[in-house]
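S.K.: At position 48 of the sequence shown the residue is numbered 48 (the numbering used here), and the sequence of numbers has no breaks.
Derived by calculation from the structure, the hints in this document are not laboratory data.
Predicted, not measured: the structure shown is a model, and the values here were computed from it.
It is possible that some hints are incorrect.
Each pair of labels, with its calculated beta carbon distance range [stated by the list, open to error]:
| id | residue 1 | residue 2 | range |
| --- | --- | --- | --- |
| 1 | Gly35 | Gly183 | 27 to 35 angstroms |
| 2 | Val153 | Arg57 | 28 to 36 angstroms |
| 3 | Asn145 | Ser68 | 37 to 45 angstroms |
| 4 | Pro109 | Pro155 | 23 to 31 angstroms |
In the PhoX-like style, the derived pairs of lysine-lysine whose C-alpha atoms are separated by at most 25 angstroms in a straight line are [claimed, not checked]:
| id | residue 1 | residue 2 |
| --- | --- | --- |
| 5 | Lys128 | Lys181 |
| 6 | Lys128 | Lys67 |
| 7 | Lys128 | Lys107 |
| 8 | Lys77 | Lys59 |
| 9 | Lys107 | Lys181 |
| 10 | Lys77 | Lys107 |
| 11 | Lys60 | Lys105 |
| 12 | Lys60 | Lys77 |
| 13 | Lys59 | Lys128 |
| 14 | Lys77 | Lys67 |
| 15 | Lys77 | Lys128 |
| 16 | Lys67 | Lys105 |
| 17 | Lys60 | Lys128 |
The beta-carbon is built from N, C-alpha and C at its ideal position, and this holds for glycine as well.
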Amino acid sequence: GLRVVELGQLLAGPFTGTILGYFGAEVIKVEPPSGDPIRQWREVRDGTSLWYYSLGRNKKSVTLDLKSERGRETALKLLCHADVVIENFRPGAMESWGLGPDAVKAKNPGIIYARISGYGQTGPFSHKAGYASVTEGYGGFRYINGEPGAGPVRPNISLGDTVAAIHAALGVALAIIQRTKSGEG
1 GLRVVELGQL
11 LAGPFTGTIL
21 GYFGAEVIKV
31 EPPSGDPIRQ
41 WREVRDGTSL
51 WYYSLGRNKK
61 SVTLDLKSER
71 GRETALKLLC
81 HADVVIENFR
91 PGAMESWGLG
101 PDAVKAKNPG
111 IIYARISGYG
121 QTGPFSHKAG
131 YASVTEGYGG
141 FRYINGEPGA
151 GPVRPNISLG
161 DTVAAIHAAL
171 GVALAIIQRT
181 KSGEG
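The whole structure should be built from the sequences, with the hints applied where relevant.
M.R.: So, in structure tokens, the structure goes:
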């Protein structure tokens, strides 16, 4: 009975939606007209990457151009009937489209608004893109892996995005528990 609208693309946001979908949430994935770029990453079969088949399962998908007024209006209508929104755009993008937490909560006060970004919404690096490869290097993970004298080793999974998604899904679950206890949901 939980409706999740997943905005964003690539890994952390979509993997959060996938996790919630594993446990029965109805997940509506909003993709740009060109599709989520993950559809073309790594090994592609029959026009779609295997990675997308993993991240896109258990979801409904809709195409909206959030850069257009009509796309934003339609997204807001979806969010008015959602329990949770997941977004992983650069900080400020949702606000620039009129879909930030304040605007959405004005229409749907009980919505749980999950934001995923590489460096937070307001910190000194908040304007930077948060790619797992960068955060793995910045955090020292890549330095401690590999062979002496050789370059850093990239893990086979996108560890930064995966850990972020697990924590985001856990945060959503805890927010649902709190909302239920407070009688708001």
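S.K.: Measure nothing beyond the straight line between the CA atoms of lysine 77 and lysine 67; if it is 25 angstroms or shorter, mark the hint as holding.
M.R.: Between lysine 77 and lysine 67 the Cα gap is close to 16 angstroms, so the pair holds against 25 angstroms.
S.K.: Between lysine 107 and lysine 181, is the straight-line Cα distance small enough, at 25 angstroms or below?
M.R.: Roughly 22 angstroms separates the two Cα atoms, so the pair holds.
S.K.: Given the hint that lysine 60 pairs with lysine 105, test it: the Cα-Cα distance must not exceed 25 angstroms.
M.R.: Holds - the C-alpha atoms of lysine 105 and lysine 60 are around 23 angstroms apart, at most 25 angstroms.
S.K.: Sort out whether lysine 105 lies within 25 angstroms of lysine 67, counting only the CA atoms.
M.R.: Roughly 21 angstroms between the alpha carbons, so the hint for lysine 67 and lysine 105 holds.
S.K.: Taking the Cβ atom of asparagine 145 and the Cβ atom of serine 68, is their distance within the range 37 to 45 angstroms?
M.R.: Holds - the Cβ-Cβ distance for asparagine 145 and serine 68, about 43 angstroms, lies within 37 to 45 angstroms.
S.K.: Check the following: the C-beta atoms of valine 153 and arginine 57 are separated by a distance inside 28 to 36 angstroms.
M.R.: This hint holds: roughly 29 angstroms between Cβ atoms.
S.K.: Could you see if the CB distance from glycine 35 to glycine 183 stays within 27 to 35 angstroms?
M.R.: violated, 40 angstroms
S.K.: Take a quick look at whether lysine 60 and lysine 128 sit within 25 angstroms of each other, Cα to Cα.
M.R.: Between lysine 60 and lysine 128 the Cα gap is close to 30 angstroms, so the pair fails against 25 angstroms, i.e. violated.
S.K.: For the pair we were handed, lysine 128 and lysine 107, check the Cα-Cα distance against 25 angstroms.
M.R.: At roughly 30 angstroms apart (the allowed maximum being 25 angstroms), lysine 107 and lysine 128 break the hint.
S.K.: For the pair supplied as a hint, lysine 77 and lysine 107, confirm whether the alpha-carbon distance does not exceed 25 angstroms.
M.R.: holds, 9 angstroms
S.K.: Between lysine 128 and lysine 181, does the CA-CA distance stay at or below 25 angstroms?
M.R.: Distance of about 37 angstroms is beyond 25 angstroms: violated.
S.K.: Is it true that the C-beta distance of proline 109 to proline 155 lies inside 23 to 31 angstroms, as the hint says?
M.R.: Check failed, 40 angstroms falls outside 23 to 31 angstroms.
In the structure shown, a violation is registered for the earlier hints numbered 1, 4, 5, 7, 13, 15 and 17, in ascending order.
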